[in-house]
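Undergrad: Residues per chain are reported as follows:
Number of protein chains: 2
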Amino acid sequence: MKINPLKGMKDYLPDEMRLRDFVQGKILETYRASGFERISTPMLEDMENLDKSDGGDNLNLIFKVLKRGEKLNAALEKGDEKSLSDMGLRYDLTLPLSRYYAANRAVLPTPFKVIQTDRVFRAERPQKGRLREFVQCDIDILGDDSVNAEIELIDVTARALLSIGFEDFTVNINDRRMLRSMLTAMGFAQDTLDSVCITFDKMDKIGAEGVKKELTEKEYPESAIEALDAFLKAGDFSIQRVAELMEDKTLSDRLIAIIDAVNALTDGRYKIAYAPSLVRGQGYYTGVVFEITCAAFSGAVAGGGRYDGMIGKFLGQQVPAVGFSIGFERICGILLEQGYKAPVAQKLALLYRDDVPFADVLKKAGTLRGEYAVTVLPQQKKLGKQLGNLENAGFAAVAFFDNEEIKVLGKTAE
Amino acid sequence: MKINPLKGMKDYLPDEMRLRDFVQGKILETYRASGFERISTPMLEDMENLDKSDGGDNLNLIFKVLKRGEKLNAALEKGDEKSLSDMGLRYDLTLPLSRYYAANRAVLPTPFKVIQTDRVFRAERPQKGRLREFVQCDIDILGDDSVNAEIELIDVTARALLSIGFEDFTVNINDRRMLRSMLTAMGFAQDTLDSVCITFDKMDKIGAEGVKKELTEKEYPESAIEALDAFLKAGDFSIQRVAELMEDKTLSDRLIAIIDAVNALTDGRYKIAYAPSLVRGQGYYTGVVFEITCAAFSGAVAGGGRYDGMIGKFLGQQVPAVGFSIGFERICGILLEQGYKAPVAQKLALLYRDDVPFADVLKKAGTLRGEYAVTVLPQQKKLGKQLGNLENAGFAAVAFFDNEEIKVLGKTAE
Numbered sequence: 001m002k003i004n005p006l007k008g009m010k011d012y013l014p015d016e017m018r019l020r021d022f023v024q025g026k027i028l029e030t031y032r033a034s035g036f037e038r039i040s041t042p043m044l045e046d047m048e049n050l051d052k053s054d055g056g057d058n059l060n061l062i063f064k065v066l067k068r069g070e071k072l073n074a075a076l077e078k079g080d081e082k083s084l085s086d087m088g089l090r091y092d093l094t095l096p097l098s099r100y101y102a103a104n105r106a107v108l109p110t111p112f113k114v115i116q117t118d119r120v121f122r123a124e125r126p127q128k129g130r131l132r133e134f135v136q137c138d139i140d141i142l143g144d145d146s147v148n149a150e151i152e153l154i155d156v157t158a159r160a161l162l163s164i165g166f167e168d169f170t171v172n173i174n175d176r177r178m179l180r181s182m183l184t185a186m187g188f189a190q191d192t193l194d195s196v197c198i199t200f201d202k203m204d205k206i207g208a209e210g211v212k213k214e215l216t217e218k219e220y221p222e223s224a225i226e227a228l229d230a231f232l233k234a235g236d237f238s239i240q241r242v243a244e245l246m247e248d249k250t251l252s253d254r255l256i257a258i259i260d261a262v263n264a265l266t267d268g269r270y271k272i273a274y275a276p277s278l279v280r281g282q283g284y285y286t287g288v289v290f291e292i293t294c295a296a297f298s299g300a301v302a303g304g305g306r307y308d309g310m311i312g313k314f315l316g317q318q319v320p321a322v323g324f325s326i327g328f329e330r331i332c333g334i335l336l337e338q339g340y341k342a343p344v345a346q347k348l349a350l351l352y353r354d355d356v357p358f359a360d361v362l363k364k365a366g367t368l369r370g371e372y373a374v375t376v377l378p379q380q381k382k383l384g385k386q387l388g389n390l391e392n393a394g395f396a397a398v399a400f401f402d403n404e405e406i407k408v409l410g411k412t413a414e
Numbered sequence: 001m002k003i004n005p006l007k008g009m010k011d012y013l014p015d016e017m018r019l020r021d022f023v024q025g026k027i028l029e030t031y032r033a034s035g036f037e038r039i040s041t042p043m044l045e046d047m048e049n050l051d052k053s054d055g056g057d058n059l060n061l062i063f064k065v066l067k068r069g070e071k072l073n074a075a076l077e078k079g080d081e082k083s084l085s086d087m088g089l090r091y092d093l094t095l096p097l098s099r100y101y102a103a104n105r106a107v108l109p110t111p112f113k114v115i116q117t118d119r120v121f122r123a124e125r126p127q128k129g130r131l132r133e134f135v136q137c138d139i140d141i142l143g144d145d146s147v148n149a150e151i152e153l154i155d156v157t158a159r160a161l162l163s164i165g166f167e168d169f170t171v172n173i174n175d176r177r178m179l180r181s182m183l184t185a186m187g188f189a190q191d192t193l194d195s196v197c198i199t200f201d202k203m204d205k206i207g208a209e210g211v212k213k214e215l216t217e218k219e220y221p222e223s224a225i226e227a228l229d230a231f232l233k234a235g236d237f238s239i240q241r242v243a244e245l246m247e248d249k250t251l252s253d254r255l256i257a258i259i260d261a262v263n264a265l266t267d268g269r270y271k272i273a274y275a276p277s278l279v280r281g282q283g284y285y286t287g288v289v290f291e292i293t294c295a296a297f298s299g300a301v302a303g304g305g306r307y308d309g310m311i312g313k314f315l316g317q318q319v320p321a322v323g324f325s326i327g328f329e330r331i332c333g334i335l336l337e338q339g340y341k342a343p344v345a346q347k348l349a350l351l352y353r354d355d356v357p358f359a360d361v362l363k364k365a366g367t368l369r370g371e372y373a374v375t376v377l378p379q380q381k382k383l384g385k386q387l388g389n390l391e392n393a394g395f396a397a398v399a400f401f402d403n404e405e406i407k408v409l410g411k412t413a414e
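From first to last, the protein sequence lines stand for chains A and B. Numbering of the first sequence is given in this note's numbering, commencing with residue 1 and proceeding in unit increments. Numbering of the second sequence is given in this note's numbering, commencing with residue 1 and proceeding in unit increments.
Here chain A stands alone, though its shape is the one from the complex (with noise of 0.2 angstroms):
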């Protein structure tokens, strides 16, 4: 038999799920005194569901479970690869949640602050950094159409991240319309949009002459080019300038009152900042959507946005939503590098020789847990040599059962 876990996947020692535990702890508590509530879905999603959720690349990517029985029996003479499978494992939190949301209505507070911490599956490639089972810690926030909703994920989250020692982070806050309203007014025609944008986000890799260069051969309006062209040269790329520019110029008061608000909130604990090409994955954003990043780590730490079209396609009326998402893999990722170490109930032996009674071991231990989590084990012959296996191990203390002495060992009591 086979004894390592699936490709992509994890198993998990006690040092890295207690820092995950904790990881999870704080984040939740945080979650909590904010009045946000936890609720949970299933692992699995029918699988209509997950295919019409304009989940982007995740689409292709879900597990597929197998039908059974005479159900299966069917499928396999119909012969295609569709119809072999009517359910899946969920890509993301955000399609069960709107989900949940549609069935739930009724008995659910309006707006619905709402916790989701649980795993996720994606069939990625495997490669360092990705795995196939991973865990997102999301909060969402849903009937609330006001900025207000918005400035609270932000306030919350950036919370949770300073509550387990993240500094020094910058929120990065955008919205995809504001650049294409500008596009728009340069005299970029609508359905070229796309295609521009591509050319736009090369800007850091190819430059202002470069992203000038490809839009020409794209023979694009010149006119229009050269608007674009003068806008990089001149290298002000504030939420200010791209506004004046915009041709919806309301488009931006929104995000201006977001930022606002947060830079009141932050106490110089972190940054908010306009970031005119910051565009997240999933198709479903139909707006503002966010990311933080840490300077000392690359790739974003977490991300979210306003989905205000998904729970509609559920309930057939609309219901405003935007939600913020901890990438947990990569917070814990860093914190292991760094070496952090889960501020948790300090590890002591009870340590029993073979000819007393194990249930008198039993109720000693009951007496020292509290202080310590308490592990009872027979005492070995070689003492000296187990104690050093016990502190290696973590253990802070050994006490013996037949006398009244605590010792504390030597490394970890420092």
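No false leads were mixed into what you were given.
Heads up, the list lumps identical chains together, so a pair's fine if it works in one copy or across two of them.
Calculated lysine-lysine pairs in the DSS-like style (CA-CA distance at most 27 angstroms, straight line):
{"#": "1", "residue 1": "Lys341", "residue 2": "Lys26"}
{"#": "2", "residue 1": "Lys52", "residue 2": "Lys71"}
{"#": "3", "residue 1": "Lys10", "residue 2": "Lys313"}
{"#": "4", "residue 1": "Lys82", "residue 2": "Lys313"}
{"#": "5", "residue 1": "Lys271", "residue 2": "Lys233"}
{"#": "6", "residue 1": "Lys128", "residue 2": "Lys71"}
{"#": "7", "residue 1": "Lys71", "residue 2": "Lys82"}
{"#": "8", "residue 1": "Lys78", "residue 2": "Lys7"}
{"#": "9", "residue 1": "Lys82", "residue 2": "Lys7"}
{"#": "10", "residue 1": "Lys7", "residue 2": "Lys313"}
{"#": "11", "residue 1": "Lys2", "residue 2": "Lys71"}
{"#": "12", "residue 1": "Lys52", "residue 2": "Lys10"}
{"#": "13", "residue 1": "Lys212", "residue 2": "Lys202"}
{"#": "14", "residue 1": "Lys7", "residue 2": "Lys71"}
{"#": "15", "residue 1": "Lys202", "residue 2": "Lys213"}
{"#": "16", "residue 1": "Lys202", "residue 2": "Lys128"}
{"#": "17", "residue 1": "Lys2", "residue 2": "Lys52"}
{"#": "18", "residue 1": "Lys233", "residue 2": "Lys249"}
{"#": "19", "residue 1": "Lys202", "residue 2": "Lys218"}
{"#": "20", "residue 1": "Lys2", "residue 2": "Lys313"}
{"#": "21", "residue 1": "Lys26", "residue 2": "Lys364"}
{"#": "22", "residue 1": "Lys407", "residue 2": "Lys363"}
{"#": "23", "residue 1": "Lys271", "residue 2": "Lys202"}
Keep in mind that the hints were calculated from the coordinates and are not lab data. All of these numbers come straight from a predicted model, not from anything done at the bench.
Since the structure of chain A is provided, determine the placement of chain B on it from the hints.
TA: Showing chain B alone in chain A's frame:
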């Protein structure tokens, strides 16, 4: 799109989720204070491992995951069901633990005292109280063949149940080999024992006369039937009596040692009893099995046993193992029926009017957190109605952005 969860799976509303998190937290607290350490393994396991795992009926209930890409195309050409899938959702936590131990043994302590609490999946025919996705809370001790392992598991599991308010329960314990040894001594042939046991198990329903009649119809040796009938009619089903009648008199020593030690630990808060006909379904159990029942509720609330053969399948070397699993869903179901309320932080609603700066509202919320879980909400025009709704939704108090008053709400403040 479909708004309900899949057949046999559940959405959990905030109130029920709060209870589940509380119960799991208390159980984990007891486990950890007793020196057990939590691990985690993937939801998915290799299909071959699952198939060979001696899981009994559960092997027919595995959700299989469809292969992908070229592997799937190749499988479709073969056209048989088996080749379509190479992984499946786990049906319990014991098989994954055995694989995990084999893979990580070099860095794990001996004995390894381990916690697992997470979801498992079984494609059961949906019915009341049977879910297709449910949570198990397991502790196991690997690498200890002494009775101390059983004693400690029973002690820790019983304390976990006591910590969430369960009392007056009974730990039923048995070793299936004892009954077989007694039947052998009575003169039943080795290859007929399974069949005799099945008839014996009907004792509660068909009585001693019914058992005798059925065994006579099966044409077993008359003297053996007479011996069993005398035993049944005498009505002494104590472990001492069974021990007297066994072929291998030492088989009961282990059970008696466990029962004596646990009796010294119960403090009169629960009982342990020999249950000669107790059988647990899983094929992987090798000796002692136990389960916890509560007179007030049908069915078991926890179950487990020794499975010394399982890890050897992965490791090629036997490692003694014993586990005890709390029926988390059953426990939560009972507590819900009893109207049990999880003692968590009280909820306070901080109400604000639209014309105030929202950042200031969040700052004020920060000053109220700690004592309360604080939900910020827009103040509605009909305040009286809003307060009534908040009270019904479980809020204990209301604060207002523009004054210092904290209004305690009626019912919940009782």
